[in-house]
Amino acid sequence: MNERLSGRLASHSFLALPFALWAALFIVLPLFFVLWTGLTDGAGHFTLEHLSTVLQIEYLRALGLSATLALLSTFICLVLAYPLCLILRERKERRGLLVFMLFLLPLWMNSLLTTMAWQTIMEKHGIINMLLSALELPEVHLINTPAAIVIGMVYNFLPYMVLPLYVSISRIDESIIEAARDLGANHFQTLRRVLLPLSLPGIVSGSTMVFIPALTTFVISALLGGNKVLLVGNIIEQEFTAAYDWQLGSALSMVLMVFIILNILLEAFTDSGEQGRKGRP
Amino acid sequence: MKTIRFLLVLLLCLCLTGCDMLEEDEAEGQNVLYVYSWGDYLDGDMLEKFEEETGIHVVLDEYDTNESMYPRIAEGAEAYDVLCPSDYMINKLIHNDLLQPLDFEKLPYARQYIDEDFFRQCKTFDREGKYTVPYCWGTVGIVYNTRLVDEPVDSWTILWEEKYRDNIIMQDSARDSVMIPLKIMGKFMNTTDEQDLLAARDMLIGQKPLVQAYCVDEIKDKMIAEEAALAVTFSGEALYMIEGNENLAFQFAPREGTNVWIDGWVITKNARHVENAHKFIDFMCRPDVATANFRHLGYSTPNTAVREQVAEELGENAELAFPPKEIYEGQESYRYLGEELDKLYTKIWLQVKVS
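First to last, the protein sequences are chains A and B. Under the working numbering, the first residue of the first sequence is numbered 1, with each subsequent residue one higher. Under the working numbering, the first residue of the second sequence is numbered 1, with each subsequent residue one higher.
Okay, chain A solo, but in the shape it has when bound (with noise of 0.2 Å):
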């Protein structure tokens, strides 16, 4: 590998070192280390033992609960985010770009402040019922459950959802919307024959851009779940900081990243498959 490495190196140019040495150094070295301490024991023979201790029902319970809500951020965000970049479309000029700002808000801001704002809002003497006890309407019970921890989740990821999702809507040809439209086909024909295709790999990577950070948070869990709902995030936290179980904290680590190296090849696939299509005349 190394050879190839340095290979390529040479044919390219020298700006691709300081990367090649930061992935080295900052990526592959860790991740190494983190299959490494997830696979030996304490004295450094191999052993599956972490690897079986995940399979523990506990763990396999947050394990569950974080794909569950992830996948469900991940919905509820391609729902908010398709229709928006539908309109967008449709009018590129000015007014367009404000909305499409206000999208990307929440990246402006420190992720931890902005969940901080919401356990304010959603909290029992919070905002939200504040108003609804101010209109004689009764009070929701939101903070420390897993439907806030979706309402931080879709908040935070939201615009990582609209950025893939923009470039590959607005991208579509418009000739070929009319073409649908000279043909017959209404509105709803035209989006799901041949809108939706078209932005297949928009959706794709989009949904991987929000369904990995929202599998491995631990930050919006712990503030908006009040450390009453555990995912998988939280549980890898606790093994390296308050437990220092460093083995099963890095075994957790490595099923992680199996969702999320599956994750990435579906992304692949779909990518080439476009690639594929636009190939053809």
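It is worth saying that the hints were derived from the structure and are not from the lab. Don't be surprised by glycine CBs; every beta carbon is placed ideally from N, CA and C. Treat each hint with caution, since some may be false.
As the list claims (entries may be wrong) - So the derived list for chain B, only partly shown, Cβ under 8 Å to chain A, looks like this: (1) G55; (2) E67; (3) Q171; (4) D172; (5) V211; (6) Q212; (7) C215; (8) E227; (9) R307; (10) L350; (11) Q351.
Given chain A's structure and the hints, the job is docking chain B onto it.
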């Protein structure tokens, strides 16, 4: 060409590690002291004063849990001289041979002003009393809102009452949480009996639907904002909360008994500035310094001189700041229970949290 580049990379790596070593060597030549303590755990002015008086430069790093401090000491990655861990963590450090005995000859202020009672309490986790100078202490109790709770709060069982559903905040800490059902069942909090611990776990799982949240630092804000009626908390924090909201009150020690925690100064085994470390610890025990730290922190101090100096200005909160002897006498402190039980505690806590 290829090999040259490879060598360059290698050289760069070496430089990176080399710099680190150089820096440490340089520091060794100076008159310095590396202190690793809880976040914001002493008055910054006192640190300056220490530097002025002794000419020792103090490098202060901070941690927020005992558990995040431990690996850095155990791995030996950083060379700290003085630490300020809690009871059971001191026990664990001693157990794993990471501390060195103090030379009390060099600690005249500590001998003169630190209450003998607390040196005795330290022997739960520092059996020979050789390693620790107590710095702060307190109990684990219940802070409650008198507007929302109209019955006397004198038993841990109030945390299991249905009428406070969603109004209870527990500590997000295995040890402090498991201690409560153990005390209700009349067991020792340092029990090593697995059956006791599993029974405690089941009680906590049963309690979970009533619990609003498991928090650490957020408890202060939540109780002051009246988000909950009852919360498990430490006495020093309770003083802060009561000063923030006068509807709050604190029960130091529910009748089943509670934990008395002590944070103390210790010197690491590998300390390279042992002399300076002793000077620092003793400086912290000097009456004026200890008083300044108390004013800054609000945690109870075992320093007898401070108690006399500030008793008047605290007024009715004096008892909150310095709980009387009958409250702490005879209470247990945590002990390190060994690696196996550590794991069991982690597992129990995980089971409670995912239930």
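Q) Which earlier hints can't be squared with this structure? A) 1, 3 and 9
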